[in-house]
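Colleague: With these hints in hand, go ahead and build the complete structure from the sequences.
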Amino acid sequence: NAGVMQNPRHLVRRRGQEARLRCSPMKGHSHVYWYRQLPEEGLKFMVYLQKENIIDESGMPKERFSAEFPKEGPSILRIQQVVRGDSAAYFCASSGLAKNIQYFGAGTRLSVL
Amino acid sequence: TQLLEQSPQFLSIQEGENLTVYCNSSSVFSSLQWYRQEPGEGPVLLVTVVTGGEVKKLKRLTFQFGDARKDSSLHITAAQPGDTGLYLCAGANSPGGADGLTFGKGTHLIIQP
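Chains U and F, in that order, give the protein sequences. The opening position of the first sequence corresponds to residue 1 in the working numbering, with each subsequent residue numbered one higher. The opening position of the second sequence corresponds to residue 1 in the working numbering, with each subsequent residue numbered one higher.
Hints should not be assumed to be uniformly reliable.
Straight-line Cα separation of at most 27 Å, DSS-like style, residue types lysine-lysine; simulated pairs [stated by the list, open to error]: (1) F:Lys-57 / F:Lys-70; (2) U:Lys-27 / U:Lys-44; (3) U:Lys-44 / F:Lys-70; (4) U:Lys-71 / U:Lys-51; (5) U:Lys-44 / F:Lys-105; (6) F:Lys-70 / F:Lys-59; (7) F:Lys-105 / F:Lys-70; (8) U:Lys-44 / U:Lys-62; (9) U:Lys-62 / F:Lys-105.
Simulated restraints, written as ranges between beta carbons of each label pair [claimed, not checked]: (10) F:Phe-10 / U:Leu-38: 17 to 25 Å; (11) U:Ile-101 / F:Lys-57: 15 to 23 Å; (12) U:Lys-51 / F:Lys-56: 30 to 38 Å; (13) U:Val-12 / F:Phe-10: 29 to 37 Å; (14) U:Leu-38 / F:Leu-45: 20 to 28 Å; (15) U:Glu-18 / F:Val-55: 47 to 55 Å.
Since the hints were made in silico from the structure, they are not lab data. Positions of the beta carbon are idealized from the N, C-alpha and C atoms, including for glycine.
Modeller: Right, here's the structure in full:
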C-alpha cells in the first residue's frame, strides 16, 4: 500500500550546486503537486503537473526552479544554483479521480550551506 | 490572493478537555480539507468538506464547513496526547477539479497527559 514516495528525505547542498528532488505519486494517481514549507510558514503551492504536462506553475519562482513529470518515472523538482533561501521542506502530493483530494509524501528537507 | 487564517496559533490543554480550532477566510472555497502534520513528516489528510453547512465526524473529531464555504472548524472531544500535532486547513478553488491548495499556517496543538 505504497503512498506518495519522496526521495531523498534529506538533502544537503552548497550554494551554487543543483538540487534534484524526486516524487513517485500514489499508484493510480496522475496528478502531482509540489509545495514548499518554510520554517514558521504554511505550505505554499509551487506547481501542478500531469504526465508530461505542466498545468499550473503560478507558485514557482521564475528562475532556477523547474519541474517535470515524464511519461515514465517520478516527478522531478529541480533547483539550479541553490541559495541559502532555498532551504526548506519540499512536499509532493498526488491526486487521482477525486482530483481535489491530495495525499502528501513525507517531504525532502533541503539544507543549503 | 486568497488567505486562510487559522486560530489559535498555539494551544496547550490537559488530556480529557475539549477544544475547537478555526479556519477563516474572506474567500469562498469549493472544498476545504483538514490535515495533521507531525514533526519531520508530511501532512496526513483527515477529512474533506465540500457542501456549505456540512458536518463530518471522525471518532472524537468533528469538522464543520461554514454555510458560505468561507470558514471551517475542528472540534476535538476528550483530547488525548495522541492528538498532539500541527493541524492545517487547506482550501481548493476548482470544484471537482485539480488545483494547488491554499494552506493556513496551522494550529500547534499540545495535549498534556
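Colleague: All hints, please: hold or fail.
Modeller: Hint check:
no.	hint	verdict
1	F:Lys-57 / F:Lys-70	holds, 19 Å
2	U:Lys-27 / U:Lys-44	holds, 24 Å
3	U:Lys-44 / F:Lys-70	holds, 19 Å
4	U:Lys-71 / U:Lys-51	holds, 6 Å
5	U:Lys-44 / F:Lys-105	holds, 10 Å
6	F:Lys-70 / F:Lys-59	holds, 24 Å
7	F:Lys-105 / F:Lys-70	holds, 16 Å
8	U:Lys-44 / U:Lys-62	holds, 15 Å
9	U:Lys-62 / F:Lys-105	holds, 24 Å
10	F:Phe-10 / U:Leu-38: 17 to 25 Å	holds, 18 Å
11	U:Ile-101 / F:Lys-57: 15 to 23 Å	holds, 18 Å
12	U:Lys-51 / F:Lys-56: 30 to 38 Å	holds, 32 Å
13	U:Val-12 / F:Phe-10: 29 to 37 Å	holds, 30 Å
14	U:Leu-38 / F:Leu-45: 20 to 28 Å	holds, 22 Å
15	U:Glu-18 / F:Val-55: 47 to 55 Å	holds, 48 Å
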